[in-house]
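Undergrad: Okay, here's what each chain looks like letter by letter:
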Amino acid sequence: MSDDAEDAPIGFRYAEQYTPPPPQRVSDVAITTHEHVFEVDPRLMERWVLQQEFPNWDSLRIMNSRGDHLAWMHRHFAATVVTGSELLAEVDAEDGDA
Amino acid sequence: MTIAVERLDEVVTALRSVLRDEQILTSKPDRYNRARVPAPFPVHRWAERLPDLAVLPTSTEEVAAVVRIANDLRVPVVPRDGGTGLTDGAVPLRGGIVVDVKRMNQVKELDLDNRTVTVGTGISMLKLNEQLAKHGLFYPDDPASYPCSLVGGRIGTSGWSLIGSRYGHTRDLVLSFDHVLPTGEVMHVGDGIGHKVSKSSSGYQLKQLFMGHQGTLGIATEATLKLFPKPEAELSPFWAFDNYDDAYACVGALARAGVATFAGAVLFDEWKVAYLRRDDEAYIPQPSDVRALVCAVMYGYEDEVRPAGRRLFRIAKEHGARYLGDEISEGDWAARHDRYATPMHGRTKAGQVVPMSWHCEDAAINYTHLPSVTKAWHEIVAELRRRTDVFDDWGMFAYTSGNTGVDYLTEIDVGIWEQQLDDRAWEMWVKAKRDIAAVALAHHGSISACHGSCREGEVDLVPDELGRGFDVMLEVKRALDPNNIMNPGKYLLDRAYESGARP
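First to last, the sequence lines map onto chains S and V.
Take 0 as the starting number for the first sequence in numbering that gives the first Met the number 0 and just add one per residue.
Take 0 as the starting number for the second sequence in numbering that gives the first Met the number 0 and just add one per residue.
A portion of the hints provided could be inaccurate.
One-sided excerpt, in silico: chain S residues whose CB lies under 8 Å from chain V [unchecked claim]: (1) LEU43; (2) ILE61; (3) ALA77; (4) ALA78.
In silico SDA-like pairs for lysine to any residue, Cα to Cα no more than 20 Å straight-line [unchecked claim]: (5) V/LYS229 with S/ASP94; (6) V/LYS316 with S/LEU69; (7) V/LYS133 with S/VAL39; (8) V/LYS348 with S/ALA88; (9) V/LYS126 with S/HIS68; (10) V/LYS348 with S/PRO41; (11) V/LYS133 with S/VAL28; (12) V/LYS348 with S/TRP47; (13) V/LYS126 with S/VAL28; (14) V/LYS348 with S/GLU45; (15) V/LYS316 with S/VAL39; (16) V/LYS229 with S/PRO41; (17) V/LYS126 with S/HIS75; (18) V/LYS229 with S/SER84; (19) V/LYS316 with S/GLU85; (20) V/LYS316 with S/ASP94; (21) V/LYS133 with S/TRP47; (22) V/LYS348 with S/VAL28; (23) V/LYS225 with S/HIS75; (24) V/LYS316 with S/HIS68; (25) V/LYS229 with S/GLU93; (26) V/LYS133 with S/GLY95; (27) V/LYS316 with S/ALA88; (28) V/LYS126 with S/ASP94; (29) V/LYS126 with S/ALA78; (30) V/LYS229 with S/GLY95.
If you want the footprint, here are the derived chain S segments under chain V, 3+ residues with CB under 8 Å [to be verified]: (31) 11 to 19; (32) 23 to 29; (33) 64 to 76; (34) 79 to 89.
None of these hints come from the bench; they were simulated from the model.
C-beta atoms are modelled at their ideal positions from N, C-alpha and C, and glycine is treated no differently.
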């Protein structure tokens with residue numbers, strides 16, 4: 000364990016966990032908080048479905064779990080994934096676009 | 000319910016002679032949980048679609064014994080596998096006994112030399128492939144419901160696979176199966192009498208008849224499946240377009256390219272992109288000039304997929320495509336099954352989020368008719384939405400069914416606010432379904448490529464689609480199910496028993 004980890008506060012800090020990064024607007028109907036975490040604009044969730052509050056650790060857990068799920072699905076169907084950007088670069092190089 | 004209480008006792012007593020008590024389920028939760036499927040459901044009339052009881056057989060012999068009892072007592076039987084179908088095949092319309100096959104989920108034989116596996120039909124493809132992977136093998140039946148649908152349901156619905164352009168669909172992948180007829184007799188169905196034969200010219204080709212009947216002709220209990228090497232490599236590029244027409248031209252060119260590892264290509268229209276922009280993390284940040292999408296999928300050895308992939312990238316480039324990047328391409332393909340697991344929400348016309356369930360109407364449409372069908376279907380759903388916030392247009396996609404680009408599974412996704420459904424809204428929905436099916440037929444298509452066509456609305460047009468063939472359906476039904484006990488009320492097959500019906 001690193002020194003930084005040893006110095007980190009232990010336990011659940013309510014205020015810290017319920018203070019996500021400041022929202023950034025990414026479209027007219029969506030905002031983003033943590034990196035790669037998008038949320039519906041809270042103004043659109045005031046009548047029929049109310050937005051839930053998640054502690055930061057849970058938002059990040061859900062996001063990372065989704066990454067795990069997608070990686071599992073790739074492995075389940077094939078041993079490797081061919082990267083499209085490599086093929087595109089090869090096609091562009093053949094065309095002299097690179 | 001269709002069984003009076005005193006008759007229910009009689010049925011349970013008879014079933015106890017062939018099943019253990021714990022295989023006979025009569026509680027309310029056991030029955031409610033086996034009443035519906037993911038397709039929108041008239042929840043305000045749920046109680047009209049309940050079975051009287053459910054059974055959990057563990058063998059072909061037990062299924063046959065249950066069906067014989069049902070036939071003797073004239074009690075409806077509804078086969079149920081994963082319950083993931085979209086045309087209500089597993090929904091009881093007349094009460095009766097739900098035969099839930101989930102306990103018949105064993106791998107019975109793995110034949111490495113002939114590349115086949117024989118399984119109980121209650122196994123899911125996901126669980127089967129986990130076992131096959133240890134041998135480097137793969138059963139490539141890949142519906143959107145892949146994690147939760149079962150082999151038996153795929154047979155009963157004659158399922159459509161997302162990678163069917165490469166490997167074929169369920170009808171191509173199932174070599175043979177044991178089948179319990181509505182009278183309780185057991186029959187083996189395959190090419191000829193073969194268990195592991197992929198092509199026979201002996202006798203009528205009965206295998207197709209006993210697939211896709213939506214549980215109206217009996218219950219598949221054990222199946223022998225064709226296996227492939229587990230793919231070494233996967234490629235799934237997604238491309239963006241600033242207009243539908245270029246995307247349409249591109250998907251056609253990709254499908255017609257004749258690339259051997261080609262497993263499918265998909266065209267997403269403007270409405271689908273607009274829907275994705277609301278909530279999908281991949282599309283929220285996309286620039287506004289992204290109006291349509293195309294995806295292509297390939298599986299095979301890496302030294303096959305790479306050069307073939309370059310060919311498809313070149314075709315896409317020639318059609319003005321913009322590659323959406325590795326993260327979106329790989330992630331969106333890996334997420335292809337998630338509609339079955341993700342809570343959905345739609346929007347009111349005022350933009351407020353409401354809880355909705357996902358539904359989709361599909362058809363088999365030739366490539367040349369895709370644009371006009373797309374336009375007509377959106378107009379039908381737009382009319383629904385003009386009248387009520389219960390419905391929301393979630394866009395359309397068209398997905399190659401084969402490897403030559405001749406026809407596409409064409410689908411419009413519709414969000415439905417089930418909590419607000421009432422008889423008026425349900426009637427509007429049923430009419431829309433009928434209109435959607437009529438558009439498919441007017442364009443020389445088939446009412447369904449994938450889901451089946453036995454729900455309210457579309458089923459009204461099945462006789463129009465099949466013509467004399469529908470009369471043959473009635474004759475087959477009456478010959479095999481003389482007492483109409485097997486999933487009654489589906490596919491207008493009750494007409495087989497009306498006086499004056501053709502014998």
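Undergrad: Counting residues of the segment 23 to 29 of chain S whose CB is closer than 8 Å to a CB in chain V, do you get three or more?
TA: Since three or more residues must qualify, the claim that chain V covers the segment 23 to 29 of chain S holds, with 4 doing so at under 8 Å.
Undergrad: Against the 20 Å threshold, does the CA-CA distance of V/LYS316 and S/ALA88 hold or violate the hint?
TA: holds, 12 Å
Undergrad: Would the hint linking V/LYS229 and S/SER84 be met if the CA-CA limit is 20 Å?
TA: Violated, at about 24 Å.
Undergrad: Hinted pair, alpha-carbon criterion (20 Å max): V/LYS316, S/ASP94. Please report holds or violated.
TA: Distance ~11 Å between V/LYS316 and S/ASP94 Cα, so the pair holds.
Undergrad: Keeping to a limit of 20 Å between CA atoms, is the pair of V/LYS348 and S/TRP47 held or broken?
TA: Measuring from Cα to Cα gives roughly 13 Å; hence the hint holds.
Undergrad: Is the hinted pair V/LYS126 and S/ALA78 satisfied, with a Cα-Cα distance of at most 20 Å?
TA: This hinted pair holds, its Cα atoms lying about 17 Å apart.
Undergrad: Are the Cα positions of V/LYS126 and S/ASP94 separated by 20 Å at most?
TA: violated, 45 Å
Undergrad: Within a Cα-Cα threshold of 20 Å, do V/LYS133 and S/GLY95 meet the stated pairing?
TA: The hint is violated at about 44 Å.
Undergrad: Straight-line Cα separation of V/LYS316 and S/GLU85 no greater than 20 Å?
TA: Roughly 14 Å separates the two Cα atoms, so the pair holds.
Undergrad: Does the CB of S/ALA78 sit less than 8 Å away from some CB of chain V?
TA: Because about 5 Å separates S/ALA78 from the closest Cβ in chain V, which is inside the 8 Å limit, the hint holds.
Undergrad: Taking 20 Å as the top limit, are the C-alpha atoms of V/LYS229 and S/GLU93 close enough?
TA: violated, 32 Å
Undergrad: Are the Cα atoms of V/LYS316 and S/HIS68 separated by 20 Å or less?
TA: violated, 31 Å
In this structure, the earlier hints numbered 2, 5, 6, 7, 8, 11, 13, 15, 16, 18, 21, 24, 25, 26, 28, 30 and 31 are contradicted, and the remaining ones agree with it.
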